[in-house]
Amino acid sequence: MSSFIDNLTIGFGVALQPYNLLICFVGTLVGTLIGVLPGLGPLATMAMLLPVTMYLPPESALIMLAGIYYGAQYGGSTTAILVNLPGESSSAVTCIDGYQMARQGRAGAALATAALASFFAGTVSTLIIALFSPSLAQVGLAFHAPDYFSLMVLGLIGAVVLAHGSVIKAVGMVFLGLLLGLVGTDVTSGATRFNFGYLELSDGIDFVVIAVGVFGLGEIISNLANRGVDRTEGIAKVNRLWLTLDDFRRSWPSTLRGTAIGSALGLLPGGGALLSSFASYTIEKKVSKQYTSQFGHGAIEGVAGPEAANNAGAQTSFIPMLTLGIPSNVIMAMMIGAMMMQGIVPGPQVMTDRPTLVWGMICSMWVGNLMLVIINLPMIGVWIRLLSIPYRLLFPAIIVFCGIGVYSVGNSSFDVILTGVFAIVGYLFIKFGCEPAPLALGFVLGPLMEENLRRSMLLSRGDPMVFLSRPISATLLLASLALLILMVVPTFRRNREEAFQE
Amino acid sequence: MFVSVALVFLFNGSGLSMGSAARMGAGYMPRMLCSLMLVVSLLLFIRSFRIDSEEPFHFALRPLIVIPLSLIVFALALKPLGLVISIWLAVAIGSLADKGARLMEVVLTALFLSIFSVTCFVMALGLNFPVWPVWFS
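These protein sequence lines map, in sequence, to chains A and B. Those letters in the first sequence? Residues 9 to 510, by this note's numbering. Those letters in the second sequence? Residues -12 to 124, by this note's numbering.
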């Protein structure tokens, strides 16, 4: 317990430094700013701003990225409530009841509920991270190469389960991502692979290039193609930003449940904000006896629960990333990418080697959540005005920022051109119904998996049974197998399809 | 659906030849992945016969070509011509992606972006960009 307090002290020491406070504020502000714009979720926002953080010290860079993440997440909810357009998939649920509330003239109440529920969930999950990370990192130290390999397998299968649409396509995307991750010089033998005669490719493809190209620009092309982005007509009016006593009474149990669901699901590989918010909505609908008929027509529980859940899930998904160095979803893959660009090797040793980094980031999350409430409630008018900027003015700006961002990572024009190519690929993925998230996860894990596979094969002298004879590894592989079997079982499949329909 | 299968297939096919081209230790993992991907594409191919949903594909060719193009022009122009001119070029080309573009707005966006980028990225963050063409400074 005393170490718990020590850790928090270190953390707040870092998080409350004026410079880091400023960074955190800028991160949440920019995150909200971009997250509010429909069609640009946390992923695209982080991808665009990832290059900028390269110029900050590691602590500040991660603080800023985390800030951008929950800022964008929250901004997405604002859009969902006010214009019925989710900024990203995890706030799709908020649309259902949030927008209905707004239409009934209760936009203010919906926004306040979302903000307070998120803040509460953020506080609780920050505490959970601080409590459980050290012990998990201890477990992580017992991991050897085969165990890591199996853990990554589990993570990738989790990503497949959660991807929209066809499972087989998602599996294909994982493989494609792994393959792309292997481009460049092989660490062990020094052989150059797949550089297609381009010298620039021998260092591998930068994560930023893939992230910006596929997630940022691919989305823009598809937005422009769909033309569903003219949204100025339906912005709801915001009146009072406060809740009635009745609202409070109804929303706090949902918030509690949402926080619990989110915190638990965020830990799962492949879990995080999206799964949490869907699960919470389903549960709220089941639990609420009195107001069942109101769901879909502006039930405050349908806003409070999922909002709490997605924030809690978003935060606890940092735990596997921080303690084991394994990203459980794409956003965490992005964080890992940022860490590696800063020269930090992710893994359990980060906890002990760089306490200021880990605890500084954890504490800054709480600070950032507080800032979100401050940024969002009083400044809601600014965000609404932002929503009325026409898309045709926005997207050239996004192109330019993407260009500048990618260029600045390696001062390389080649990277920018490659980003353009991946933009086309990204659009094709969207068109063909292939979810790009598994690809990004595979891309980050590719080199790590190869290294651990090689190391385990080396240790076992080429005997693949090593993955089954080690208890940790065997358990993880069993879990992966179980997930795969679940996917094939028809009833679960139907449930999954239904969940994505909603 | 069929077009998509064909494309995924093509993707994998080229992946395979790359795998066999890489040698020995370094080629092990790629080759494994490529064969797995072939299995996946085969499954997709078989499934596409079973479920035949003849959905016609509509590609939005205009943004699909214009957006990457503007980025590529930006990349090529950056070193010789500097940041400001590159931004103007990128915005001008990029705005062609949308039919509703108006000249005045495009000019204003480009102006705003170049001022913002120079002050924010070059002056405040100190990123290493040539702002003006090489022969200018």
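Treat the hints with caution; some may be incorrect.
If you want a taste of the chain B side facing chain A, the calculated C-beta under 10 angstroms gives, among others [claimed, not checked]:
#1 Ile54
#2 Ser57
#3 Leu90
#4 Thr96
FYI, nobody ran anything at the bench for these hints, they're computed from the structure. Glycine residues also receive a C-beta, built at the ideal position from the N, C-alpha and C atoms.
Here's how the hints hold up against the structure:
no. : hint  : in the structure
1   : Ile54 : 5 angstroms, holds
2   : Ser57 : 6 angstroms, holds
3   : Leu90 : 12 angstroms, violated
4   : Thr96 : 5 angstroms, holds
The structure fails to meet hint 3 from the earlier list, while all remaining hints are met.
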